[in-house]
Amino acid sequence: MVEALKTAIAERLADLEMVIGWEMGFDALHATPLFIREEGDLHRLTLGPLAVHNLATYLPGLKGKKVGVVVKGCDSRSVIQLANEGLIKREDITVFGLCCDGVISHRKLREALPADLGFVEQATWHSDRLQAVVAGHAVEVRLQDILADKCISCRYPNALAADVLVGAARTPAPQPVPCQDAFDALPQAEKLAFWEATMARCIRCYACRNACPLCVCRDHCIATTRDPLWLGQENSPAENFMFQMIHVLHLAGRCTECGECERSCPVDIPLLLLRRSMNRVTEELFDYQAGTTPGQTPPLLTFQVEEARINERGW
Amino acid sequence: MRIGVFICHCGSNIAGTVDVRAVAQAAKGFADVVYASDTMYACSEPGQEGIIQAVREHNLDGVVVASCTPRMHEPTFRRTVERAGLNRYCFEMANIREHVSWIGKDTERNTIKATELVRMAVEKLRRNRPLTPKRFDVTKRVLVVGGGVAGIQAALDCAEGGQEVVLVEREQSIGGKMAKLDKTFPTIDCSSCVLGPKMVDVAQHPKITLHTMAEVESVSGYVGNFQVTIRKKARFVDWEKCTGCGLCMEKCPSRKAPDPFNEYLCTAPTINIPFPQAIPKKAAINPETCIMKQKGKCGLCAKICPVKCIDFDQQDELVTVDVGAIVVATGYDLFDWHKYPQYGQGRYPDVITSLQYERLLSASGPTGGHIKRPSDGKEPKTVVFIQCVGSRDRSVDRPYCSGFCCMYTAKQAILTKDHIPDSQSYVFYMDIRSPGKAYDEFTRRAMEEYGAQYVRGRVAMIYPKGDQLIVRGADTLAGTQVEVAADLVVLAVGVEAARGAAVLGEKLRVVPDQYGFFVESHPKLRPVETNTAGVFLAGACQGPKDIPASVAQGSAAAAKVLALLVKDQLESDPQVSRVTPARCVGCGKCVQTCPFGAIKLVEDRFGNPKAEVVETVCQGCGICTVTCPQGAIQLEHFTDNQILAEVQALCPPRIRVNYAS
Ligand SMILES: Cc1cc2nc3c(=O)[nH]c(=O)nc-3n(C[C@H](O)[C@H](O)[C@H](O)COP(=O)(O)OP(=O)(O)OC[C@H]3O[C@@H](n4cnc5c(N)ncnc54)[C@H](O)[C@@H]3O)c2cc1C
Ligand code: SF4
Ligand code: SF4
Ligand code: SF4
Ligand code: SF4
Numbered sequence: 001m002v003e004a005l006k007t008a009i010a011e012r013l014a015d016l017e018m019v020i021g022w023e024m025g026f027d028a029l030h031a032t033p034l035f036i037r038e039e040g041d042l043h044r045l046t047l048g049p050l051a052v053h054n055l056a057t058y059l060p061g062l063k064g065k066k067v068g069v070v071v072k073g074c075d076s077r078s079v080i081q082l083a084n085e086g087l088i089k090r091e092d093i094t095v096f097g098l099c100c101d102g103v104i105s106h107r108k109l110r111e112a113l114p115a116d117l118g119f120v121e122q123a124t125w126h127s128d129r130l131q132a133v134v135a136g137h138a139v140e141v142r143l144q145d146i147l148a149d150k151c152i153s154c155r156y157p158n159a160l161a162a163d164v165l166v167g168a169a170r171t172p173a174p175q176p177v178p179c180q181d182a183f184d185a186l187p188q189a190e191k192l193a194f195w196e197a198t199m200a201r202c203i204r205c206y207a208c209r210n211a212c213p214l215c216v217c218r219d220h221c222i223a224t225t226r227d228p229l230w231l232g233q234e235n236s237p238a239e240n241f242m243f244q245m246i247h248v249l250h251l252a253g254r255c256t257e258c259g260e261c262e263r264s265c266p267v268d269i270p271l272l273l274l275r276r277s278m279n280r281v282t283e284e285l286f287d288y289q290a291g292t293t294p295g296q297t298p299p300l301l302t303f304q305v306e307e308a309r310i311n312e313r314g315w
Numbered sequence: 316m317r318i319g320v321f322i323c324h325c326g327s328n329i330a331g332t333v334d335v336r337a338v339a340q341a342a343k344g345f346a347d348v349v350y351a352s353d354t355m356y357a358c359s360e361p362g363q364e365g366i367i368q369a370v371r372e373h374n375l376d377g378v379v380v381a382s383c384t385p386r387m388h389e390p391t392f393r394r395t396v397e398r399a400g401l402n403r404y405c406f407e408m409a410n411i412r413e414h415v416s417w418i419g420k421d422t423e424r425n426t427i428k429a430t431e432l433v434r435m436a437v438e439k440l441r442r443n444r445p446l447t448p449k450r451f452d453v454t455k456r457v458l459v460v461g462g463g464v465a466g467i468q469a470a471l472d473c474a475e476g477g478q479e480v481v482l483v484e485r486e487q488s489i490g491g492k493m494a495k496l497d498k499t500f501p502t503i504d505c506s507s508c509v510l511g512p513k514m515v516d517v518a519q520h521p522k523i524t525l526h527t528m529a530e531v532e533s534v535s536g537y538v539g540n541f542q543v544t545i546r547k548k549a550r551f552v553d554w555e556k557c558t559g560c561g562l563c564m565e566k567c568p569s570r571k572a573p574d575p576f577n578e579y580l581c582t583a584p585t586i587n588i589p590f591p592q593a594i595p596k597k598a599a600i601n602p603e604t605c606i607m608k609q610k611g612k613c614g615l616c617a618k619i620c621p622v623k624c625i626d627f628d629q630q631d632e633l634v635t636v637d638v639g640a641i642v643v644a645t646g647y648d649l650f651d652w653h654k655y656p657q658y659g660q661g662r663y664p665d666v667i668t669s670l671q672y673e674r675l676l677s678a679s680g681p682t683g684g685h686i687k688r689p690s691d692g693k694e695p696k697t698v699v700f701i702q703c704v705g706s707r708d709r710s711v712d713r714p715y716c717s718g719f720c721c722m723y724t725a726k727q728a729i730l731t732k733d734h735i736p737d738s739q740s741y742v743f744y745m746d747i748r749s750p751g752k753a754y755d756e757f758t759r760r761a762m763e764e765y766g767a768q769y770v771r772g773r774v775a776m777i778y779p780k781g782d783q784l785i786v787r788g789a790d791t792l793a794g795t796q797v798e799v800a801a802d803l804v805v806l807a808v809g810v811e812a813a814r815g816a817a818v819l820g821e822k823l824r825v826v827p828d829q830y831g832f833f834v835e836s837h838p839k840l841r842p843v844e845t846n847t848a849g850v851f852l853a854g855a856c857q858g859p860k861d862i863p864a865s866v867a868q869g870s871a872a873a874a875k876v877l878a879l880l881v882k883d884q885l886e887s888d889p890q891v892s893r894v895t896p897a898r899c900v901g902c903g904k905c906v907q908t909c910p911f912g913a914i915k916l917v918e919d920r921f922g923n924p925k926a927e928v929v930e931t932v933c934q935g936c937g938i939c940t941v942t943c944p945q946g947a948i949q950l951e952h953f954t955d956n957q958i959l960a961e962v963q964a965l966c967p968p969r970i971r972v973n974y975a976s
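Protein sequences appear in the order of chains A and B.
Residue numbers in the first sequence follow our numbering, run continuously in steps of one, and reach 315 at the last position.
Residue numbers in the second sequence follow our numbering, run continuously in steps of one, and reach 976 at the last position.
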């Protein structure tokens with residue numbers, strides 16, 4: 001798959017300022033974004049279960065430039081959503097789409113290994129399992145056990161609206177996410193108690209916001225402005241939770257569930273619990289899944305006198 | 316800021332269940348409040364003088380009045396503070412009557428709630444800033460929607476008052492329901508004889524432009540400056556040329572077109588003029604039944620037409636007009652009586668509606684004014700009238716009284732006797748409601764002089780027997796069952812809002828009530844105004860109304876329009892949205908959501924896209940402000956900060972724990 005992708009990129013690189021992909025990072029278990037500007041960079045390109053980053057996040061910042069981007073199924077939805085909102089020009093972007101078998105969750109991997117990730121000396125992939133040497137011991141982990149939650153529930157493993165699609169198309173087999181079901185079943189008071197406790201951990205680093213491909217306000221984010229003053233800078237569970245509520249609502253009808261927010265959180269806050277609930281509501285109310293249909297208007301970015309599924313007057 | 320707070324007793328309306336002195340006392344402790352007192356009637360002359368004096372004495376620059384709903388008196392108090400030399404937006408109102416004293420009896424808790432509402436008002440006021448309205452030119456033209464008797468009256472009065480009028484009617488002719496009626500109560504004068512001349516006046520008045528077979532497509536703008544697009548449906552006849560000679564109607568071979576004017580009692584030629592007095596008297600083709608339109612051949616009408624005005628390729632046409640005011644007079648339609656199982660749900664041809672009966676009585680109707688029942692054309696000798704079919708009945712969600720059915724049923728009973736002297740009428744009724752001038756005498760006449768048998772009770776069922784219909788019901792006064800063998804049954808079907816009223820209401824921003832009738836601005840004091848400035852109501856679209864009341868309201872609406880359009884300029888509302896360009900990232904989300912198209916994207920001097928609000932178009936709805944993620948667009952007088960301050964005043968942040976273990 002990676003060879004086919006390299007060929008496809010090589011063919012188009014001349015017309016593009018750069019192509020964003022992944023390369024191996026600082027250790028055997030981390031990939032990192034790669035900015036391919038010339039053919040000489042191509043050999044560094046890598047794919048596979050470590051290619052976790054949603055590279056579409058870079059696109060709004062590169063608006064106006066002709067760039068290529070390598071996307072998994074989930075990432076491709078971000079590209080479509082950004083284009084549908086006019087935040088990028090679709091014609092400026094060349095989308096190299098993958099048919100994705102899923103990526104890992106580093107948190108789950110960490111929990112599966114006997115020692116900290118830093119002690120991994122060597123790691124090799126054998127189809128659906130990882131063999132690693134950790135502090136001198138050989139360990140084997142099944143990919144299935146460390147798959148990211150979003151890959152378990154993935155409905156779109158094959159990149160949508162790709163200009164080039166590599167790999168063999170996979171039939172989606174979405175499963176419910178166990179932690180979400182467990183959380184949804186909790187009584188309201190316990191949910192609140194959970195968030196109060198969890199949000200006490202948040203250090204308001206805004207990594208979740210910065211990683212989100214659809215958070216485009218950047219310097220103007222309402223979380224850090226004085227006028228209007230929505231949030232104080234005080235780091236307390238209430239304010240931290242308020243920030244999350246704002247993030248979730250600003251992403252209503254926009255969030256593609258790429259999971260970058262949760263992945264980037266340094267203190268492992270399960271942020272997708274909120275995103276998934278909100279996405280379910282938007283799907284129920286508006287029959288809408290963000291970033292699945294090019295050219296579609298997001299439900300909250302239009303004015304409609306009457307919504308098909310909201311009965312506002314009973315006669 | 317130096318804020319003064321005034322807590323109104325409203326006689327005992329508020330003071331009865333709110334300790335107004337305690338609220339005033341508490342207000343003295345709020346930030347920036349330098350003066351607080353209670354007052355008997357804040358809106359009265361001495362009440363307002365008291366406010367003005369306090370402003371002067373205590374050098375106030377902001378005023379809070381805690382009293383009734385701002386719907387009524389916010390304008391009053393804004394004028395008061397203006398007279399005291401303040402900007403009218405340096406004023407806030409707390410509603411402690413509708414929101415407090417009228418809905419709770421517990422004085423202690425009411426007092427707490429009133430105090431909290433005052434605290435919110437103070438916190439908001441501390442963040443208000445003076446706003447100044449702009450002035451703009453008024454378009455001196457009025458749109459009247461609906462050409463029933465109410466719309467006709469409004470159009471004529473406005474035109475007589477010197478204003479240009481555009482009258483839009485959905486049907487082919489104006490006249491509305493009244494044009495279908497035979498005679499009218501309580502004088503039994505011929506309906507088309509009194510309405511006809513008015514319709515002709517509309518056609519001939521130089522100031523009135525009439526569009527029939529037309530509907531309002533879209534409306535933008537605001538009081539004094541509406542832009543209206545009207546869709547004129549294709550009629551396949553060039554009305555500039557059509558003389559209304561009617562030759563085409565005679566020759567048209569397709570004569571089975573539905574005839575709505577005759578309430579579907581008969582069919583009509585496909586090319587048709589609905590009735591002899593129609594205004595405009597022009598023919599139109601029903602494309603559904605036209606052989607040429609359906610099969611591509613025929614064209615007989617085109618051959619016969621002496622002025623060659625048939626145009627099979629005609630399309631809908633969109634016309635745009637600028638108007639300063641709008642009168643809505645879309646009238647009513649009849650309730651769908653088929654919902655009732657007891658009247659046969661359409662199985663019996665001799666069960667008809669009151670409006671169909673009017674057509675049978677009318678000389679211009681399908682039977683030439685002879686009462687012949689639909690099934691076999693026989694003259695009925697026993698006619699049963701059933702009142703309140705779809706009125707005053709919670710089971711079909713029509714709990715209201717349709718107002719004029721008692722009267723027209725009496726009229727129809729009288730006319731039945733006039734037409735067929737040896738006939739007998741029975742009227743099943745719930746109560747007789749005839750409070751108008753000479754109305755009760757009229758219903759009495761139906762009973763006493765014309766021998767109509769009034770039976771108080773509901774009809775349980777109708778079933779056929781031979782060529783008659785057995786009407787079985789209760790006589791609740793006698794406490795017995797009654798059965799009448801009827802030749803014809805006439806249902807006094809209740810009134811509901813005109814078909815499509817809700818859609819039109821949304822275009823005009825006029826809210827319908829729970830039954831679809833348009834809501835007036837104040838049920839007593841502003842009966843023809845709506846809550847959208849510049850849009851007025853006339854006739855049965857606001858609620859069931861007979862002809863005298865509809866005409867009176869048509870004139871009343873016209874008076875309001877004339878009072879508005881006599882002004883050359885109006886003030887625009889400064890409560891509009893404003894963009895802070897430095898914070899706008901030009902994402903255009905606000906542009907997409909604004910229902911009024913009030914926002915455009917412009918480029919700043921560095922070529923960055925920025926949103927800009929067209930102040931005169933913005934209606935201050937606030938949709939953009941909740942759409943913009945970073946709050947770059949703010950509604951003046953309702954900024955995020957102002958609203959957040961109110962929320963904080965109500966729910967002060969609780970003590971928070973940092974890094975709980
Ligand atoms: C059987 C019967 C008998 C009656 N007899 C009497 C009587 O004897 N005396 C009396 O005083 N009253 C009588 N009435 C009541 C009378 O019909 C009403 O009072 C009167 O018609 C109300 O006038 P209006 O102009 O408000 O509404 P309407 O007559 O309903 O006129 C409304 C007009 O607006 C048009 N319209 C509706 N929607 C739109 C739209 N979206 N765009 C454009 N045009 C639209 C309609 O086509 C219609 O022409 C009777 C009613 C009935 C049902
Ligand atoms: S990334 Fe995690 S810690 Fe940082 S702001 Fe978001 S939720 Fe808080
Ligand atoms: S909120 Fe999280 S899951 Fe949703 S689009 Fe942003 S980063 Fe992805
Ligand atoms: S939504 Fe906000 S940021 Fe976007 S264009 Fe409008 S004002 Fe600017
Ligand atoms: S408040 Fe905003 S959305 Fe509403 S009319 Fe004004 S500009 Fe448009």
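Misleading hints may appear alongside valid ones.
Claimed, not checked - Lysine-lysine pairs mimicking DSS-like chemistry, simulated, CA-CA at most 30 Å apart:
hint	chain 1	residue 1	chain 2	residue 2
1	B	Lys654	B	Lys608
2	B	Lys654	B	Lys618
3	B	Lys822	A	Lys65
4	B	Lys522	B	Lys571
5	A	Lys66	B	Lys654
6	B	Lys915	B	Lys925
7	A	Lys89	B	Lys925
8	B	Lys915	A	Lys63
9	A	Lys89	B	Lys915
10	B	Lys915	B	Lys522
11	B	Lys915	A	Lys66
12	B	Lys915	A	Lys65
Said to hold, decoys possible - A short list of chain B residues far from chain A (calculated; beta carbon distances all over 12 Å):
hint	residue
13	Gly344
14	Pro573
15	Ser679
16	Glu821
17	Ala871
18	Ser887
19	Cys902
20	Ala947
As the list claims (entries may be wrong) - Chain B stretches covered by chain A per the calculated footprint, using a threshold of three residues with CB under 8 Å from any CB of chain A:
hint	segment
21	908–922
22	935–946
No lab work stands behind these hints: they were computed from the structure.
No residue lacks a Cβ here, since even glycine has one placed at the ideal position from N, Cα and C.
Checklist entry - Which numbered hints turn out to be false for this structure? => result Checked against the structure, the hints that fail are numbers 1, 2, 3, 4, 5, 10, 16, 19 and 20, while the rest are satisfied.
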